[in-house]
Amino acid sequence: MVAGTVSTAVGVARADFLQRTRSRRFLVVLAIIAYIGYQLNVGTFELLYQDTVDGTTVDYRGEPTAPYIGLTTGLTGGLFLLFFGYYVLASSLRRDRETGFDELLASTPVSDRAYLLGKWLSHVGVVAVMLTTLAVAALVNHAVHGVGPTDPVWIVGAVFLIGVPMGCFVAGVTLVFQSTDRLRGTLGNVTYFFGAVTLLSLVAAAFAGDDGGAGSISLWIRAVDSIGLVAAGEMTFDALLEVAPGYDGPPVANYGTGTIGGAMATFEWNGGSWPAWFYANRLGFALAGVGLALVATLPYDRYAPRDESADIGVAGRLGRFVTSVFSRDDTTAAGSETGEPVNISLTPVTDRSAGGFGRLFIQELKLLVRGHARWWYAGVALIAVVGLVGSAPSNAIVSIAAIWPLFVWSGMGYRTDHYRITPVVISSNQPYRQLLAEWAAGAVVTAAFLGVALWPTVLDAGPEGAVVFVGAVLFVPSVAQALGLWSRTRRAFELGYLVLWYAGPLNGIVPLDFAGATTKTVGTATPMLFGAVGLIALGAALARRTLQA
Amino acid sequence: MCLRLESVSKRYGEKLWGVRDVTLELETGVHGLLGPNGAGKSTLMRIITTVAEPTTGTVFWNGTDVTEAPGEVRAVLGYLPQDFGVYPDLTAAEFLEYVAALRGLDRETADARIDELLTLTGIEYARDRKLRAFSGGMRQSVGIAQALLNDPDLLVVDEPTVGLDPEKRVQVRNLLSSVASDRVVLLSTHIVPDIEATAKRVALLNDGELLAHDDPESFVATTDGTVYEFVAPREDLAKLRERYRISSTVQQADGVRVRLIADERPSPDAESVTPTLEDAYLDHIGSREGA
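Residue numbers (my numbering), protein chains in the order written: chain H, 1 to 549; chain R, 550 to 840.
Isolated chain R (complex conformation) (with noise of 0.2 Å):
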């Protein structure tokens, strides 16, 4: 299983892009999709999932162009859009047979998974309830079922955690863990841990365009002897975040600890320590902002 994306982009009106020549190969596993606001993430989804079209370039699934053949990946598609609905004077089951039969399920089939995938989203309990009475935690949860209804070959997932609490949060990390090893799974967020915990790949967008697509130990491997660690009196904050990208802080009694991404040591009690894939995704973001 493949999808390739060549030099796909997709312009708004006449100066305005929402990506901009994005040559992607993503194969088998949890690909991350990561990007501030803006950055063309949700678009880049849009043209995968062929809710919208590329203004240029093509996207392939196992070698078929999808903008020539929407079919040959809308049936293998499994799709949680950012902006999910839901049509509230259904209850949870009765929006989950409504897309089985928008997915192609048999009745048997559908109502099997309907019954497992409310147990693995934790909803099992609400099956019956209209979903207007569900919270937004809740509708989530229905969001992730109906996207994995069809045992897709491509899951495409935008902001699938948002409004989860955090043990869900880990166990939707979990299912998209488990069911990538034999399909594609494209996860957008804003969470960098959930794509530490999950992804195999990183592509990392900006303003449009593709920054970088590396496994994450790459591509954190870039910002080593970048990221110092140490306490800062509280008066010196604001002139670190002048002068750095601060990663976190944290408030202890002596002061504040700061962990942050500089070329140079900022302090001599500055450690340097591990990166991870939050300081990686900083530094790169902040290096583009700053050039």
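Chain H on its own, in the form it takes in the complex (with noise of 0.2 Å):
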């Protein structure tokens, strides 16, 4: 029974793996992947501890030797699993669904079991040839950039040591999400960011203020060090002290590029054994990750109908039936479906070239805002009250009107080829203006919900209000249609987009506060760069638009 379901699995999982790693797109990934292990080795990444001396940031990195390029290299594969991994895994049961193998799946003695258990191992696959490919690159790279002997077994170990786990758990979570009707777009993408970030900043938050070494660290804390953190700390921590004696920081390095302004001081550290706790950590996230792939056999539903109206619940049932009450009779319609063919004379068309732009635009806005779930409509309603009424804090409604409309953008340039449409506007006479109204309708929907939110800073600020409002509402359409024609996916916008919104409207980096929600960015350069970066956004989407045409 056992073996059935493993060598089941095995099948699947070797059919899954093929199909994805012959992809073009992986191999992009694949190419950022290795740029990364470049990155790595002249110094872009670096796992700092800071300290403050004087009244100035100081910086401390480890000189970059084998061990430590090791070290950094795998914290980052962890860190890029934790935050893309799901992502890039995620195309795998959807694809199943719809190429219609999932039907002839649902018609096979295959259990759920094997199936997921197999899908698991694929996705196990992928990570293992995006970690060795990150390997790779690193020891090459510290061949060349490095400092000492190149060690490969500092350096692949490390990878694989907080890659692998990590890899497990991601993929298991992917199915979870994946097998989960509500969690399997745009609202699965956002909650399994959020997720990522609570379990990154739980070590963070840990250490927050903290200067009591190494040794003061609690049992869960290391239990959910999650890419290694901990681990790198306990490793490297003596080495820091050995150059800064008086350091009084967190006992763990922070991750990142540097202090800007700040002072940077080196040190050495040639490895070490890695914490006996660590492979007990590492072995958890693995088993979680089977767990949770075997938890996905719940939610999973191999019968489930395709077309997802049929599920409609208590209410939609009730609408139906009203509807069937004060509607004609369907049985008694469908007669002439099945009856005598139909003589009919066809209007004339005397003009092909009347235009229609308006009428693109209404379907191509009915096309946004249809279709998402009742509790996204209900937060529309909430977010235009509370906008309108203009009582709460800039910073919150404009954080919440920028990220809630995430659902509408995602869908955009992306749509016309998910839904096979694309041949058909290409080969219309109108297929710029099937883009551009597609773009209005984006641009409309992007004014309705930071209008709401902005309206008290532009009526404070006036022309540099007005400013944000504009390099907003040019910025987000823009680019979510260019991301969307160009990949061919929603989710290359929604994480790039999660992630600014993340930094810059959520968390006030002025920066990266392309709407506003700090008053702070009103009359900076900030809100024209967007804008120009929209407007540059929107001469991509056109100029996709003109290959495709």
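FYI, nobody ran anything at the bench for these hints, they're computed from the structure.
A portion of the hints provided could be inaccurate.
Unchecked claim - Chain R residues, not near chain H, derived (Cβ > 12 Å throughout):
| # | residue |
| --- | --- |
| 1 | Arg569 |
| 2 | Asp570 |
| 3 | Glu665 |
| 4 | Asn699 |
| 5 | Asp707 |
| 6 | Gly774 |
To be verified - Computed cross-link-like contacts, SDA-like style, restricted to lysine to any residue with a CA-CA straight-line distance of at most 20 Å:
| # | chain 1 | residue 1 | chain 2 | residue 2 |
| --- | --- | --- | --- | --- |
| 7 | R | Lys564 | H | His372 |
| 8 | H | Lys366 | R | Ala642 |
| 9 | R | Lys679 | H | Leu365 |
| 10 | H | Lys366 | R | Arg656 |
| 11 | H | Lys520 | R | Ala642 |
| 12 | R | Lys679 | R | Thr640 |
| 13 | H | Lys366 | R | Pro817 |
| 14 | H | Lys366 | H | Tyr419 |
| 15 | H | Lys366 | H | Ala378 |
| 16 | R | Lys788 | R | His762 |
| 17 | H | Lys520 | R | Arg656 |
| 18 | R | Lys679 | H | Arg359 |
| 19 | R | Lys679 | H | His372 |
| 20 | H | Lys366 | R | Thr640 |
| 21 | H | Lys366 | R | Arg676 |
| 22 | H | Lys366 | R | Lys788 |
| 23 | R | Lys679 | H | His418 |
Here a beta-carbon is modelled for each residue, glycine too, at the ideal position from N, C-alpha and C.
Two chains, each in its own frame: build the complex with the hints.
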């Protein structure tokens, strides 16, 4: 029984793995990973201990020895998988649904457990390819740019010790999300992003203001050390103290590009033993991944109707009942479907260039705002009421108004391909007009959401406030459409936009605050820069259509 | 009206050819495009409809090079792609309004033709239903309606009867025949009787190459005297399949009635019968594969 399940799972995994690794998109992902491997060796990303000495922030980083590069590469791999792994892996179950393979599967004796375990194995295989690429890139680049002998065991070992369990875990989470109706689309992408941020923030939050040294780390912090930050701290802290005996910053290194305007000092770390607890931690993440793959069998429904409207709920069924009472009887009407051939003369067409932009715009607007869940429309109403009343803090209402339409924007550009309408659009005499109509509809939605949130800013700040509004209205729909058209997926925009929104409007980093959530943005060059990026993106969308047409 | 293809080729990658050196002239009427899977029919249609560019060669519409000026053919084109998709959150009427706007129709004409075409394709009762609730056949009917919306001079339909019930299939065939009198209709299908019933000329593609372009009678005439029917014992069927191209089999109480293509009488009981387009098609494709 178990042998049969494993054998079937391996068969599913093999086919899925081959399908995914033979795509050009995957090659692009590998190219990006190889580039990251280079950046690690030239010091773009660092493992940084931060302290304040005489009022100046000092970043302590390691010399690029093989163990140090191995450690930072492993952390980068873990971080990449935590934040981007889900978006790379999530296409597997969706592809089976879109190609109809799931229906074929439903008619076979393959169990849900074997199928999902196979998918999980395939996910882990894909992760292994990505980590191998990262490790090889780090090895080669260390040989060229690094300090001391290139030790493959340290570099490759660290990448796989940190990366594989994280990949197993992310693979499991991906399966749970992709097997759950409500988490399959944009809501799942958003939820995953915040989950990843929370998981990573747990470690940082635990050490906020802590200067008690590595020995004070609690068990639960070690348990949730998802990408190895705590382990890296334990291993390298003594090397740091050798060059900075008076260091009184957090005992866990930060990870990033360094403090702008801060001082930089280096320490040399030549490797050491991984803490024993970290092996248990990694085993825990790997096993959690397997567990999640099995948990995914609970929400996964192989017999789920392809037509989402079939799952309409009580209110939907009530609506259908009312409609059936007050509308024509379909059974009677269907008689005309099977009746005699209809003789009818068609109205002649005298003008095939009568425009129609307005009608295209209306239909594009319907496409953008229809088909969302009821809670989404309830949220829209709430944003409208709270925004128009004008009593909510500006940063809160703008931040929410800038994220809620993500569900609307992320369909732009991608929809024509997804629903196989592109040939009809391209072969029409309005291929560009459709693009502009879609953009205009997206801009109207953006203007509506940001309008209700930003009107106090515009009133208070006058023209400078209006520039913020116009910049955002130019930026968001244009980038959404361009990314949708070029990537042919909604995830590229969703992920990029979430990261930008998290840093800019939500956390108030002014250079990234495209929506004017903080009043500090008003009067800066930021809105104009984002407006200009929007115009460039609109140009990129038109360029894509030119290639298509 | 005339669509002319001159030495049109489409290459994918280094070695794979979608179509190769196709020269064809299509005037008003239905032109059937026949060929096995992967023969290049859809590629050829995508080139004609300007969705894909030829690697070499040119397509002319009424003398205008459509590779250079795609707008010339797009303005008068109706197109039903093989893999036709719809927006599931629009109703049938809304989707057709969308396509009408894409095709540049004014509102009044669009509204009138949408009503008429929904009636003509037998789905007027579902005009205000969202397309996600449509069956495959109903969606195909929407596809046919959208292709005819702008009263096209050039109508390109790829597998239009797929998913339709037999009665609907006949209706679509009749519809294509009736609109073809003053326009060029290019019909691609695997269903040979559809072409037999509608086409005034047949183009046969195989492995990306044009094997024949002729009227159905002449095409069928090439198979004259090579089609036989007889009742064979069931146990002989496997051997017959090895030796001949079997056109059809019908189970009977005394054995299997076999229709096959053979250069010589396959059995003393075999009767020579009048060939059909399907026989001619099998003969051409079979000869090619055997060559």
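Hint-by-hint comparison with the structure:
In this structure arginine 569(R) is separated from chain H by more than 12 Å, as the shortest Cβ-Cβ distance comes to about 22 Å. At roughly 24 Å from the closest C-beta of chain H, the C-beta of aspartate 570(R) stays outside 12 Å, upholding its exclusion from the interface. Glutamate 665(R), annotated as away from the interface, has a beta carbon of chain H within 12 Å; the closest lies near 5 Å. Not every Cβ of chain H is farther than 12 Å from the Cβ of asparagine 699(R); the closest lies at roughly 5 Å, contradicting the non-interface assignment.
Residue placement check: aspartate 707(R) does not keep its beta carbon more than 12 Å from all beta carbons of chain H (closest about 10 Å). For glycine 774(R), the condition that its CB be more than 12 Å from all CB atoms of chain H holds, with the nearest at approximately 37 Å. Pair hint lysine 564(R) plus histidine 372(H) does not hold up; C-alpha atoms about 46 Å apart against a cutoff of 20 Å. Distance check on the hinted pair: lysine 366(H) and alanine 642(R) sit about 13 Å apart at the alpha-carbon level, within 20 Å; holds.
Proposed proximity of lysine 679(R) and leucine 365(H) is supported: the alpha carbons are some 16 Å apart, at most 20 Å. Among the hinted pairs, lysine 366(H) with arginine 656(R) is consistent with the structure: their alpha-carbon atoms are about 18 Å apart, no more than 20 Å. Using a Cα cut-off of 20 Å, the hinted pair lysine 520(H) and alanine 642(R) is violated, with the two alpha carbons roughly 49 Å apart. Annotation: proposed proximity of lysine 679(R) to threonine 640(R) holds, straight-line Cα distance about 4 Å (limit 20 Å).
Distance check on the hinted pair: lysine 366(H) and proline 817(R) sit about 69 Å apart at the alpha-carbon level, beyond 20 Å; violated. For the suggested pair lysine 366(H) and tyrosine 419(H), the alpha carbons sit about 15 Å apart, so the restraint of at most 20 Å is met. Simply put, lysine 366(H) and alanine 378(H) have alpha-carbon atoms about 17 Å apart, close enough for the 20 Å limit, and the pair holds. Between lysine 788(R) and histidine 762(R), the direct Cα distance comes to roughly 33 Å. Violation of the 20 Å bound is thereby established for this hinted pair.
For the hint pairing lysine 520(H) with arginine 656(R), the CA-to-CA distance comes to about 48 Å; that exceeds 20 Å, so the pair is violated. The straight-line distance between the Cα atoms of lysine 679(R) and arginine 359(H) is roughly 18 Å, inside the 20 Å bound, and the hint therefore holds. In summary, the hint linking lysine 679(R) to histidine 372(H) is supported, as the alpha carbons are separated by about 14 Å, within the 20 Å threshold. At roughly 11 Å between alpha-carbon atoms, lysine 366(H) and threonine 640(R) fall within 20 Å of each other, so this suggested pair holds.
For the given pair, lysine 366(H) sits about 17 Å from arginine 676(R) by alpha-carbon distance, which is consistent with the 20 Å threshold. Distance hint between lysine 366(H) and lysine 788(R) is unfulfilled; the C-alpha atoms sit about 61 Å from each other, more than 20 Å. At most 20 Å may separate the alpha-carbon atoms for a hinted pair to count; lysine 679(R) and histidine 418(H) meet this at roughly 17 Å.
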